[in-house]
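Q: Input sequences plus hints: build the corresponding full structure.
As they're listed, the protein sequences go chains A and S. So that you can map any letter, position 142 of the first sequence is 141 in numbering that gives the first Met the number 0, and since no number is skipped, the others follow by simple counting. So that you can map any letter, position 227 of the second sequence is 226 in numbering that gives the first Met the number 0, and since no number is skipped, the others follow by simple counting.
If a hint is listed, it holds; no wrong ones were tucked in.
Residues on chain A that point at chain S, a partial pick, calculated with CB under 7 Å:
#, residue
1, G20
2, R59
3, R66
It should be emphasised that the hints constitute simulated quantities derived from the structure, not laboratory data. A quick note: this is a predicted structure, and the numbers were derived from the prediction, not measured. Glycine included, each C-beta is placed from N, C-alpha and C at the ideal position.
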Amino acid sequence: MTGFLGPNGAGKTTTMRALLGLLRPSAGEALVEGRRAAELSEPLRTIGAALEATAFHPGRSGRNHLRALAAAARIPRPRVEEVLELVELREAARRRVGGYSLGMRQRLALAAALLGDPRILILDEPANGLDPQGMRWLRDLLREQAAAGRTVLVSSHVLSEIAQVADELIVIRAGRLVSQTTLAEFTERGGRRMRVRAGDLEPLTAALVEAGATVERDGESALLVAGLDGARIGETALARGIALHELAPVGATLEDRFLEVMDDGEGGT
Amino acid sequence: MNLLASEWIKLFSTRTTWTMLGVGLLGEALFAGLFVGLASLAEIGEISEVATGVGLLLVLALVLGVLTATTEFRHGTSSSTFLASPRRWPVLVAKLGTSFAVGLLAGLAFVAVNGGLALPLFESRGGAMPPAGELVDVYAGVVVSLGLICAFGCAVGAIVRNQVGAIIAAIAFFFVLSPLPELLPGSVGDFFPAQAIGALHGRVEGDGTLTQLGGGLVLTAWTAALFAIGTALICRRDVTE
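A: This is the structure:
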């Protein structure tokens with residue numbers, strides 16, 4: 000499962016639409032399994048997509064929306080009932096989409112994406128409009144899909160959502176790739192910092208700066224130290240005869256790293 | 000076939016389609032009751048006027064045809080549609096086929112109401128009935144004209160994707176602009192849709208000499224040309240909704 004991150008207007012939706020053959024890239028090519036979307040012989044069975052705020056005809060029922068798609072893609076009708084069940088929309092399926100909540104529309108869009116039981120799922124902001132239960136439900140569903148061997152590309156601006164589900168991370172900014180790594184690598188690359196507590200912070204700070212560290216105050220009684228590992232910090236303190244009360248690594252959160260990369264200009268990788 | 004089935008589901012799963020067809024047929028019934036039932040025989044004129052009292056249904060069929068193309072862009076369902084079938088021209092061919100078929104259906108419904116209501120009323124008032132063969136020709140022309148005008152609307156909708164704009168453009172062109180060439184001397188008017196509909200209905204106006212078959216061909220040619228333009232545009236344009 001790959002998370003697709005970028006600030007608003009970075010081009011996430013545009014990238015996805017180009018990949019799906021809805022937009023023609025002004026340069027380069029967008030390929031799915033080595034072919035352009037228009038050349039796929041069974042498009043819905045290859046790639047299923049739920050685009051941001053997928054639109055529906057307000058006067059058409061959820062079931063009929065799926066039926067029309069299923070007919071176009073030669074997918075047997077019983078599959079429509081299956082996906083309705085899967086997204087827990089069975090009871091509302093007869094109602095016209097105009098009366099659906101945003102969360103229900105998201106589910107219907109997801110049902111459409113799953114209709115062809117595709118190998119690849121492309122989901123643009125699928126968590127938008129979902130309540131907390133819905134979020135958890137979505138998370139579980141995405142994990143299931145990935146565990147079943149499907150490739151999932153999911154964009155979101157809710158970073159914590161991405162952090163919980165993604166294995167890989169693609170970050171873009173202003174239409175350019177900023178980073179493409181595993182989630183773990185991405186958050187770690189920010190450089191680990193150490194939280195240090197000691198009785199007397201003043202001399203310790205001076206000593207650490209002398210040893211080449213960047214030191215920040217973290218509240219009343221702690222320091223955040225970057226540029227030195229735990230062993231060097233401990234040795235430096237010992238050399239000055241300062242007793243350490245705490246020495247612990249602090250992992251950068253995805254959000255920290257994301258904002259850092261966005262501030263960086265050209266960014267990392 | 001699968002795309003036709005898909006379009007058929009789309010068309011008949013909203014109330015709009017049913018409403019428009021219903022209103023069209025109701026208008027037809029009213030026409031029979033009020034005009035054929037109350038006007039003097041001299042005012043009614045020829046039987047072909049009775050058998051082709053189809054004006055409202057023509058407009059509605061044209062609009063319905065426009066909708067088959069524009070609704071997807073208006074409500075943004077075009078993305079889903081083109082995901083299910085990324086090659087776009089077959090989708091448009093299916094839309095054209097569907098609109099033609101719906102137009103024919105509307106035509107058949109018209110014939111049923113006309114033959115069951117307007118004609119008997121006309122006859123009971125002492126109107127002169129034409130030979131059966133002539134009546135069949137007129138009815139066939141009406142059915143085909145409704146199919147073609149609906150397909151024509153679809154072609155206009157493929158070019159002008161804005162729904163309101165497309166409806167206005169289709170109606171303005173068909174009912175306001177295209178009758179104008181009839182006023183010119185010679186048979187220029189024969190090559191425009193309005194005159195073609197007249198010919199299909201067995202009426203020849205102005206200097207025109209268009210036959211029924213000729214009328215059908217003219218309307219088909221217009222539809223095909225506009226449809227080709229619309230399809231080329233949609234295949235090139237980005238789908239952003």
